[in-house]
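Taken in sequence, the protein lines are chains A and B. Going by the working numbering, the first residue of the first sequence is number 1, and it counts up by one from there. Going by the working numbering, the first residue of the second sequence is number 1001, and it counts up by one from there.
Treat the hints as calculated values from the structure; they're not laboratory data. Any given hint could turn out to be false.
[Said to hold, decoys possible] Capping the alpha-carbon separation at 25 angstroms, the derived lysine to any residue pairs in SDA-like fashion look like this: (1) 37/A / 1071/B; (2) 37/A / 1023/B; (3) 1226/B / 1152/B; (4) 37/A / 1165/B; (5) 150/A / 1143/B; (6) 37/A / 1226/B; (7) 150/A / 1086/B; (8) 37/A / 1177/B; (9) 1143/B / 68/A; (10) 150/A / 1096/B; (11) 1172/B / 169/A; (12) 150/A / 1078/B; (13) 180/A / 13/A; (14) 37/A / 1170/B; (15) 37/A / 1053/B; (16) 1143/B / 1023/B; (17) 37/A / 1192/B; (18) 1067/B / 30/A.
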Amino acid sequence: MSINEQIKKDFTTFTWVLIAVAIAVNIVVGQLVSLLKLPIFLDSIGTVMVGVLAGPWAGGLAGLLTNLIWGVISSPVAAAFAPVAMVIGIVAGLCARYGLFKTWWQAIIAGLIITVFNAVVAVPIRLYMFGGITGSGADFVTAYMLALGKDLFGSVVVTVFTSNVIDKVVTAVLAWGIIKALPQRITTRFSGSMPTAA
Amino acid sequence: MSSHGTTLYIEGRSRLHGCHPFGKVFFILLVGVAAYFEPGNAATAATLLGLNLVLAVTGGIFPAMWKFAWRTLLPLALFMLPIHGFLYPGNHTGLLTWQGITLYEEGLRFGGTILLQLAAILAASLLFVFTTHPADFIAALNKAGWPPAMAYIVGSPLLMLPAMRARTGVIKAAQQARGLDSGGNLLGRMRALPPLIAPLVLGAFTEIEERAIALELRGFRSPGAKTSLRMVPDSTAQRVVRRAILAATGFLVLHGMVW
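All chains should be built: construct the whole structure from the sequences, respecting the hints.
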């Protein structure tokens, strides 16, 4: 079976629309949150929801394309972090598949797991492509760790972790809450792991 | 598809605008590999940056690129140069000392190299983004045999954005009319988040069914080739150049790994 046919089999029209809507949601929510001047981004909430509803592949695709499209509409710098967004979707999908995302505290655990994998991909990009600095407030953490005598790698790891952990946990919990509030008519459409077993 | 104001695309009739989108994407790849990996030094990055700027002039997008690059790179440089200049772990050659704080050569070199590399790849990506209409890129994907659904998920978010932004404004106004305070301290702003985001996301996700049915009715999943309204001009010469760019990229990667 060619990849084309495999995709056709796994992804229904519903899944494709879900991904498209999630990409738009990521971008709009990301911009809204940056207006509120909060220390979080929430720009992967749609990606996490796709991962939970339609599985890791759909989630990964939603994340990847969000950042690539972001690269076209506001800044190519976002495109450099597309692999990170992809991993967030894949990990969210896997977490849901293994039964997380059923309750709010499980969503918190899923958020922490996402943070870890987020760091695994984001650290090399931040380190080798950007020399550890991306021109945001998080750079102060890097500077502080360097001043404490840590090496560049260690400083970037700490920076990526601390600047993402709250964001990913809030994202996961919000995604859990919104999916729970979605009408069953929508959620039952997806093959993905249903979070609302109760 | 109209994307005026939504994307960074700048209308134009230059040769760069007429280049096949894939050629420009492969070029970004080549610049990235050459600037970062092999040879991957400051001189290469500076040369490529110069080349990209010349290309931008021929495409009539130089003013836009110049402005955009500064807006992106200046804040980065303001963090990069001091942080690495003072604190880079490999620092040992002091350049100047003032009140017990020393600026070091190694850190400045490191930061400067990274900035040049970033500038080179940013300029290459801007050549693509400024001169390629998203619809042309999607049409090119279709023609190359990518599934039409792929074209849909690349293109439709761009079309959904304006409507969704408008809805964000409506939700914000409605919640504020009910007494939501989106200003105030950090905790208050955090608390304002769910009432703003939940209706927006819920609304968007409940629309999925309607959109899916509309697509099905229009033969979204019908087999067979779809006809595209847009034709992306291509030529044998362009195809040869594209292959050459890919081959050069592959050669650099191999060269960097083996030698």
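Going down the list of hints, with the structure as the test:
1. 37/A / 1071/B: With a Cα-Cα distance of about 20 angstroms, the restraint between residue 37/A and residue 1071/B holds, given a limit of 25 angstroms.
2. 37/A / 1023/B: violated, 39 angstroms
3. 1226/B / 1152/B: holds, 12 angstroms
4. 37/A / 1165/B: Distance ~18 angstroms between residue 37/A and residue 1165/B Cα, so the pair holds.
5. 150/A / 1143/B: violated, 51 angstroms
6. 37/A / 1226/B: violated, 45 angstroms
7. 150/A / 1086/B: holds, 14 angstroms
8. 37/A / 1177/B: holds, 21 angstroms
9. 1143/B / 68/A: holds, 20 angstroms
10. 150/A / 1096/B: With a Cα-Cα distance of about 23 angstroms, the restraint between residue 150/A and residue 1096/B holds, given a limit of 25 angstroms.
11. 1172/B / 169/A: holds, 24 angstroms
12. 150/A / 1078/B: OK: residue 150/A and residue 1078/B at ~21 angstroms, within 25 angstroms.
13. 180/A / 13/A: Answer holds: residue 180/A to residue 13/A is near 22 angstroms, not above 25 angstroms.
14. 37/A / 1170/B: holds, 20 angstroms
15. 37/A / 1053/B: Cα-Cα ~35 angstroms, so violated.
16. 1143/B / 1023/B: With Cα atoms ~14 angstroms apart, residue 1143/B and residue 1023/B stay inside 25 angstroms; holds.
17. 37/A / 1192/B: holds, 12 angstroms
18. 1067/B / 30/A: Since the Cα atoms of residue 1067/B and residue 30/A sit roughly 24 angstroms apart, the hinted pair holds (cutoff 25 angstroms).
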